[in-house]
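Undergrad: Residue numbers (the working numbering), protein chains in the order written: chain A, 1 to 607; chain B, 1001 to 1160.
By construction, these hints were calculated from the structure, which means they are not laboratory data. Computed from a predicted structure; not experimentally measured. Yeah, the Cβ is synthetic: ideal placement off N, Cα and C, and Gly gets one too. Wrong hints could be hidden among the right ones.
[Said to hold, decoys possible] Pulled from the structure, derived: some chain A residues nowhere near chain B, Cβ distances all over 12 Å:
id	residue
1	V19
2	L382
3	H485
[To be verified] One-sided and incomplete, this derived list gives chain A residues near chain B with beta-carbon spacing under 8 Å:
id	residue
4	P10
5	P11
6	N41
7	I46
8	A47
9	F50
10	I56
11	E85
12	Y86
13	Y89
14	S117
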Amino acid sequence: MYSIAVSHLPPNIDEEDLVKHFARLLNCSPKIITNVSLAYNNRQEIALCFDRGALIKSKVILVHAYRHEVTSMRMSPEYDRKMREYDDYLEKQRQRMLAKIKDINVQLKNKEKLIESLANKDVFNRVIVAYITFDHAKYKDEILSIYNHMTIYDFLCSSKHLKLQDKKLKVDEAPEPSVIIWENLMFTRFQRVQRRLLTTFLVLLLLFVSLAMIFASKYLDIQNTKNGEKNNANSVCPADFLSMTDEEQTAFIEENPEYLHCYCDQFNPIDQANNSLCKHYLQRNVQSQVLIYFASFVILMINYAMETLLKILVKYEKHHTSDGMNNSIFYRLFFLKYINSAGIFLINNNNVILRSLFNINVSAVPGFTADWYNTIGVTIILVQIGDIINSKIDGLYKYWVYSRRKQQSELHPEKFLTQDELNASIIGPNFNFALNYSQLLTIIFTALTFSTGIPLLYPIACVNIGLFYLLEKYFFVKMYKIPPHFNVTVGNRVTFFIPLALCLHICMSIWMLSNHKLFTWSDQISEASKNGNENAGDGEASYYYYSSTVADHQFEAGYLKERMNNWIIIPLFITLGVVIFTWMSIIFLSYLKVFFNRVRSDFISFD
Amino acid sequence: LIEFIVSYSFFSSLQMFNFCCLCFRTGRLSAFQGHDNPRFSQRNINTAAAGTTGKATKAGAPPLIVHQPTVPDATRYLVTYTRAMQRNLIKGLATYNILQNPKYKEAFGITWKFAADHDKVRSVRKLKVRANDLVTLIVLFYDYYLFSLLVESVESSGRG
Chain A
1 MYSIAVSHLP
11 PNIDEEDLVK
21 HFARLLNCSP
31 KIITNVSLAY
41 NNRQEIALCF
51 DRGALIKSKV
61 ILVHAYRHEV
71 TSMRMSPEYD
81 RKMREYDDYL
91 EKQRQRMLAK
101 IKDINVQLKN
111 KEKLIESLAN
121 KDVFNRVIVA
131 YITFDHAKYK
141 DEILSIYNHM
151 TIYDFLCSSK
161 HLKLQDKKLK
171 VDEAPEPSVI
181 IWENLMFTRF
191 QRVQRRLLTT
201 FLVLLLLFVS
211 LAMIFASKYL
221 DIQNTKNGEK
231 NNANSVCPAD
241 FLSMTDEEQT
251 AFIEENPEYL
261 HCYCDQFNPI
271 DQANNSLCKH
281 YLQRNVQSQV
291 LIYFASFVIL
301 MINYAMETLL
311 KILVKYEKHH
321 TSDGMNNSIF
331 YRLFFLKYIN
341 SAGIFLINNN
351 NVILRSLFNI
361 NVSAVPGFTA
371 DWYNTIGVTI
381 ILVQIGDIIN
391 SKIDGLYKYW
401 VYSRRKQQSE
411 LHPEKFLTQD
421 ELNASIIGPN
431 FNFALNYSQL
441 LTIIFTALTF
451 STGIPLLYPI
461 ACVNIGLFYL
471 LEKYFFVKMY
481 KIPPHFNVTV
491 GNRVTFFIPL
501 ALCLHICMSI
511 WMLSNHKLFT
521 WSDQISEASK
531 NGNENAGDGE
541 ASYYYYSSTV
551 ADHQFEAGYL
561 KERMNNWIII
571 PLFITLGVVI
581 FTWMSIIFLS
591 YLKVFFNRVR
601 SDFISFD
Chain B
1001 LIEFIVSYSF
1011 FSSLQMFNFC
1021 CLCFRTGRLS
1031 AFQGHDNPRF
1041 SQRNINTAAA
1051 GTTGKATKAG
1061 APPLIVHQPT
1071 VPDATRYLVT
1081 YTRAMQRNLI
1091 KGLATYNILQ
1101 NPKYKEAFGI
1111 TWKFAADHDK
1121 VRSVRKLKVR
1131 ANDLVTLIVL
1141 FYDYYLFSLL
1151 VESVESSGRG
């Protein structure tokens, strides 16, 4: 609010030099700067201080443990009877405690010597960042304007006075003090990017596992179908099949096993199991269903694993602030979760990949067919339903651990040796708002991506978000710690992404609804059947006709053009245009506002 | 129409979530009581209820995600840092002294007084641990001594 962060500093700089430099720049008294805090290249020093603090704590705990033992033994009813025995035992314990304290003191001395030796080395005395606090916010704004709003003339000719000891400074608005991770400040941007790439790669490996599992399940499903009695669920049943007698149907199926589903689908699963013809058909169906459930379960598990892994790996990335850490988590987790929950199905939608990977002969189609809705559509719904539980399970587990610990502290306070331990038992976990934002955005994006074709995703998403809200609200009040003052970046990003979700929704709607077989009429079907589809029957068989013709549709020249030449999608194109135009206008106007404000402030400062 | 109603309802859920985030970011009760800004609570309730989106403006247009700065915008150009500190207007940590950061203070095992008197990590080694040891041991043996006296007096009174 009142502070700036100055980096790229000369090696031997102190507080006084900085105060003089900025007071001279502002042409004011040095009193306008109320505080200068320097961050050194002292990662090792901080680590040693952490170790030293841990040693001190262990010493305090040793003393308290001994005190507790003395008190409990002396207060015991048997003390009078076994006084000598107890006193001898306590004396032994005391000697043991003193020996341990002596040992800790030696370790402490060593740590202090190390800290002292580090303090004498020049490398560890190098200043990395200086946080300068002005007494008034206008001075901060002025300095930021001087350093960051330079014209080309300023940059080329008159930037000498901005340098400190011939070094060009980098000045930014300072982050909130509570979010700075001091031990990470020595890591340069390049080092952090390298680490981030490595962690992203590791998380991406999980995504590949997910993709491999989905493809494997689909491959097994296809193989399973092929190994059966040449059954093809897409074969259109003959128009007069239902009017045949049972014997006629059996004879027809024995002659044409590819129509087995027409026969078996008439029975319920129990009857299918008892029927010799349908037994294998039922078995294959059950196996397919299991594979679909398995794929959904894998996606949910990978989502959870990605979240957990990223939470662990983000510490390795050495962010300078908790804000940066949260931003990094939010972006990657949202994109990875979205790809895992929705993107994989879009990839999976196109069997070209499956065909090239496993060299199996399956039809490839870029559209959303009845097959797609029957298999992948079901998986998406299952994933979204599973996500209702999956997204809350971590919070619920944390709450269970927290309430159990709290209960222990209320029922058995004597188990906690120090007041600090007792206090720690009633402090809840951190509130990870970046994880929550990424979770919510993933739900919204996934729902809006497929909702045109699968409207059931709306109520599922609604229940998911509603429950998420209620639970998180409860945890806010009852469990989470009050978070530090984070900045607005993640919140602004979420606001920015929501119109993007709407655009994506409209684009997907255009693609799904432009399937000209979706809105079909009997005359069109008969016309199409005349044009070569032998299986196309009358209006009743439109579903089968739709699935088979579209499934066999290959990447033909003009396919895209044919799909886009559909009057049904014209309103959607108009809506998309309006949404994009409004969105862009809002962004443009906000930039225009910033520009005019800057011009206005420049004129005021010029005056 | 159904699509619109349902999507509107879950965007509203998101709004409610953001509102909740906001309340707890800015302090549990201050957001509801309008501790810093009398218009604050009403404005955010309106935001949650209306389900509108947009950027925060000085005119008070309700934003989708509100982040209250540590010192309100209107006052930060009127109040100096020194005065803001005195009036306790700055929420959270107001200093860039690493030793006063509760996380580091706790981990380094230092006292508030020590943190206020020093500003460099290497000063931590100046903290006299041995003196602390002595105090701890004195307290320990004093306790032990007092306890012995107490037990003896109880025993003697019992005998008496």
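Undergrad: Decide, hint by hint, whether the structure agrees.
TA: Hints and how they fare:
1. At the 12 Å boundary, the C-beta of V19(A) stays outside the reach of chain B, the nearest C-beta of that chain being 14 Å off.
2. Here L382(A) stays apart from chain B, with its beta-carbon at least about 20 Å from theirs, past the 12 Å limit.
3. Distance check on H485(A): its Cβ comes as close as 5 Å (rounded) to a Cβ of chain B, failing to clear the 12 Å threshold; non-interface status is violated.
4. About 19 Å separates the beta-carbon of P10(A) from the nearest beta-carbon of chain B, more than 8 Å, and the hint is not met.
5. Taking 8 Å as the C-beta cut-off, the interface hint given for P11(A) is violated, the closest approach to chain B being about 17 Å.
6. Nearest Cβ of chain B to the Cβ of N41(A): about 11 Å, over the 8 Å cut. The hint is violated.
7. The interface hint given for I46(A) holds, since its Cβ lies 6 Å from the closest Cβ of chain B, which is under the 8 Å cut-off.
8. For A47(A), the shortest C-beta to C-beta distance to chain B is roughly 10 Å, which exceeds 8 Å, and the interface hint is violated.
9. Annotation: F50(A) was flagged as interfacial toward chain B, and the flag holds, the nearest CB pair being 5 Å apart, inside 8 Å.
10. Interface restraint check for I56(A): the shortest CB-CB distance to chain B comes to about 4 Å, inside 8 Å, so the restraint holds.
11. Because the beta carbon of E85(A) sits about 15 Å from the nearest beta carbon in chain B, more than 8 Å, this interface hint is broken.
12. Checking Y86(A) against chain B: minimum C-beta separation of about 11 Å lies over 8 Å; hint violated.
13. Below 8 Å, beta-carbon pairs count as interface contacts, and Y89(A) has none with chain B, the closest being about 14 Å; its hint is therefore violated.
14. The criterion of a C-beta within 8 Å of any C-beta in chain B is not met by S117(A), whose closest approach is roughly 11 Å, and the hint is violated.
The earlier numbered hints that this structure contradicts are 3, 4, 5, 6, 8, 11, 12, 13 and 14.
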